[in-house]
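Make a model of the complete structure from these sequences and hints.
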Amino acid sequence: METPLHHEPPHDVTQILKDWSEGSGDASARLMPLVYEELRRLAREYIRRERADHTLQATALVHEAYLRMVDEKNVTWKDRAHFYGIAARLMRRILVDHARAHNAAKRGGLEQKLSLDEARDLPAAGATDLVALDGALESLAKTYPRKSEVVELKFFGGLDANEIAEVLNVSEKTVLRDWSFAKLWLCRELSAA
Amino acid sequence: MIQPERAQRVAEVVEAALEREASELPSFLNESCGDDLALRREVESLLGYQKEATDFIEAPAYQNHANSLAEERGELKPGDRLGEYKILSLLGEGGMGEVYLAEDSNLGRQVAIKLVKAGLGRAGLIRHFQREERILAALTHPNIARLYGGAVTEDGLPYFVMEYVEGERLDSYCELYRLTIPERLQLFRKICAAVSYAHQHLVIHRDLKPSNIRVTKEGEPKLLDFGIAKLLDDETALTEQTMTLTNVMTPDYASPEQVRGEPMTTASDVYSLGVVLYELLTGKKPYRTQSRRLEEISRAVTEQEPTKPSTAAASGGNSNSGPSRTGTFRNSKLLKGDLDNIVLMALRKEPARRYSSAGQFSEDIRRHLEGLPVIARRDTVGYRTSKFVARHRLAVAATVLVAAAILGSLLVALWETRQARAQRDVARRINTFLQDMLGAAAPDVKGVDVKVADVLSDASSRAKTELADEPRVMADVLMTLGRTYISLGQYAPAEANLRAALAASLKANGELHPTTATTMGWLGLALADLGKTTEGEKVSRKAVELQRKLHPKGHEDLGVALYALGMNLVYKKEPKAAQEYLKEASELIKKHLGEANGYYMTSLVMLAMAHERAGEVVVAEPLYRQAIDVGGRVESRYRIYLAQAQALLGILLINKEAYSEAETLLQKSETTYSEVMGGDTNYSVAVVKANLGLLYFLKGDYAKAENEDKKAIDLVRKYMGPEHPLTASTAVTLGLSLTREGKAVEGDPYLREALAIRKKILPQGDVSISSAVSALGECLTMQQRYAEAEPLLNDSYKELKSKVGDQEKRTVEARQRLVRLYDAWGKPDQAAQFR
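Sequence order for the protein chains is A and B.
Numbering-wise, the working numbering puts 36 at position 36 of the first sequence, and it's gapless, one number per residue.
Residues are numbered in the working numbering as their position in the second sequence, beginning at 1, plus a constant of 193.
It should be emphasised that the hints constitute simulated quantities derived from the structure, not laboratory data.
The hints are all genuine.
Computed spacing ranges between beta-carbons, pair by pair:
#, chain 1, residue 1, chain 2, residue 2, range
1, B, Y370, A, M32, 44 to 52 Å
2, B, T495, A, D129, 44 to 52 Å
3, A, M32, B, K244, 32 to 40 Å
Covered by chain B, according to a simulated footprint, are these stretches of chain A (three or more residues, beta-carbon under 8 Å):
#, stretch
4, 143-153
5, 176-190
Backbone N, C-alpha and C fix where the C-beta goes; we use that ideal spot for every residue, glycine too.
Written out as structure tokens, the structure reads:
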């Protein structure tokens, strides 16, 4: 038997997205917690089923959350863009918060790992320092807000250039240029820090 | 901040520059920047990061930080306390709970705490956890992460406290250090040894997989989560009343019987070990599946024949185990033949047709490594195609084990299967049964079921005859029987069996061998209990010497040997010399078996005795108290030792004249004994009663003293014999109590009995003889037999005065008796001489 796994029925998300398109100011705030819960729930579900060496793609996660939460027949491409934007921002927040907490633990020199049944290991050392990156992205957003958004959608949301172009309503070529520039800018910012 | 127009210009130039060929770049920059040197510097600065930027953030964040998204907020935060543990950080988390790094504030060591979130603690559930946890905590093996204990949080979440292991996952370790096939096999054999050890202790891992096997910097494998899966499984069964594929199970490593939800046995672990080895050798999983869906993997496990390792290794490219590994060590030719057969034998669908034990599996690998013929043969077509389901499950239920009849049949099974190659493992397993179950079932001498005793003696004689051509097995069996007799308090048959075990082990294994050394330790213990302390000391010294060589870093068996040595020395009246050994023994036992452990308690008691008997009462008293504290937390089968510790501290306190606490302790001790023994009595009960009698006598409560001593004297005569020092002391106390109650005539024969015993067993002129003489004098005075009393009181007073001095308690008492004699006799002048 299938049981509803999230508290809000799907049409609510669809409705919030429609409200948003029609200029409702709090739509984004109402959407955030729902998408947040769904992303986490899906991630847990994936990890339970998959082995750790089968890496789950963020794109797949966001797509699935979208398909589950939104009634596609009743939304426009703009609603879809909103949704992906929200999802990417949430992914960024979750991942950065976690990294911040983990760094705090690491400062105590506590990096060792232990398995628990299907426990995943905490991020390996050497992976991008998300906390620093988050700070650098904020600086980037001051001068180049769109480029910062491109990074958020691609790196945290896992979207490809085509999808990002759709979300930001710019050409794919612009997205690629923004991406190349942002990477240089962020590299310099991070190496200066 | 940079102007927006300016920023826009920088971006334009950089983005355009990125689309130019390197050769065009200088002219492009000259053209775009002109003499705007600041712009040019900014553009060139950014372009200077092209190399770093190539791979930067190209992989989506989620790939490297996958778990954080799924993470449920940890129940505990750094700094939180859980009992004596301080939480330091979250190490990982999964479907069933969370793992924290914590610090044990008492011991200052780091531990891993596993918080189980899957189920909530109802009372029965938690009891169940605690029971299992005790079994797991008994696993002490260098390649198994220790389970220190378990408890329940205030919120009702069960948690386990485990050894914190720093190391790489087994598979990553092998890849990282590019181990060759022989190196992998050697490492794998150590894992088999650890699994085999656990099986001998009746613990099945049930969830063996590379992530549960860590390899330390020193290259030592450590198995994590032993038996935890069972605890969780059982809990699921209890809560849901159904057995389904739980989160616990990792289908890739699960055996067919596990996938089908059938009971698991040691053979299931052998299967999982087979999958682990398969992966280590080939880098692939044994089954080809289209997807990673649970159902499909489960079907493959039960129905598909695994691909031959050599074939799997030969087929390059991507496998279903994830990203392909680049190890260059793999040579499918090396796997062909023996290794194919060995791995496939472990992976057989029918448990009964796999290796019969992890030890046998490991042994076959050794044979392969040494170029000897292996047991594993290619599977026959008949077997491969049949869906024959073997039902040879070893039913292991603790409840049936206490029944002598079952034990008997297990022993029969042992003799019958002795031709099987697995005999040693079977023997060890049955040994463990005997040892643990009989020890638990019959805590004291009187508790021995006659039938159990018969089974034991039968087992012993059969072992000696039927295992004559297999001295190794015989040594193990006889050692276990000896230990079992010790735990039953039957030291004479223990001695006989241990001597036979030692002879067999020396012949089969030589001197420097765990069985030889451990047998010597237990023999030393039996000899100490039998009062054969000269030989006992010699044997246990040798045991200590051998154990130190076998376990330079310490081991529980070294603890036992040291304990035996200390005990012999204490009983030989060399308590001072015993102290250092007993101290080391108690430390080792605590370290290897944990604090809440019966052996730890007894080692503390013996250490306390060593100090008490060396006159260091101040040191002894806190040790007894510590032992009693530990005794409150150990398994009920060790409560007999708790009673002993309570009695010994009570006696110590009598000497300190702290009568009220002494009385409480002795009464507690009596209650504990009667609970453990169901109202039966033994030697120790006699001692406690005699001391309670003495206590009441010293307090001046003669009626109570009489009552207690009358019960005590019968027990003392029964257990110590008619000519024992304690029989004499009890008789003195009883005789004097009666005398002082005004029943001197009744007391008279007891005092004469005491005097007769002391004259017989003590050297002439011993002060104890004089104090008995003096006591009899008091009794005669009360009977108004003054003339008879006078010489006794005079002589004994003189004796005591010359031997122990004028001021000693007994001399003072003797003098007062003279005063009372002459007062009663109406000779005040003579009385005045002694006032």
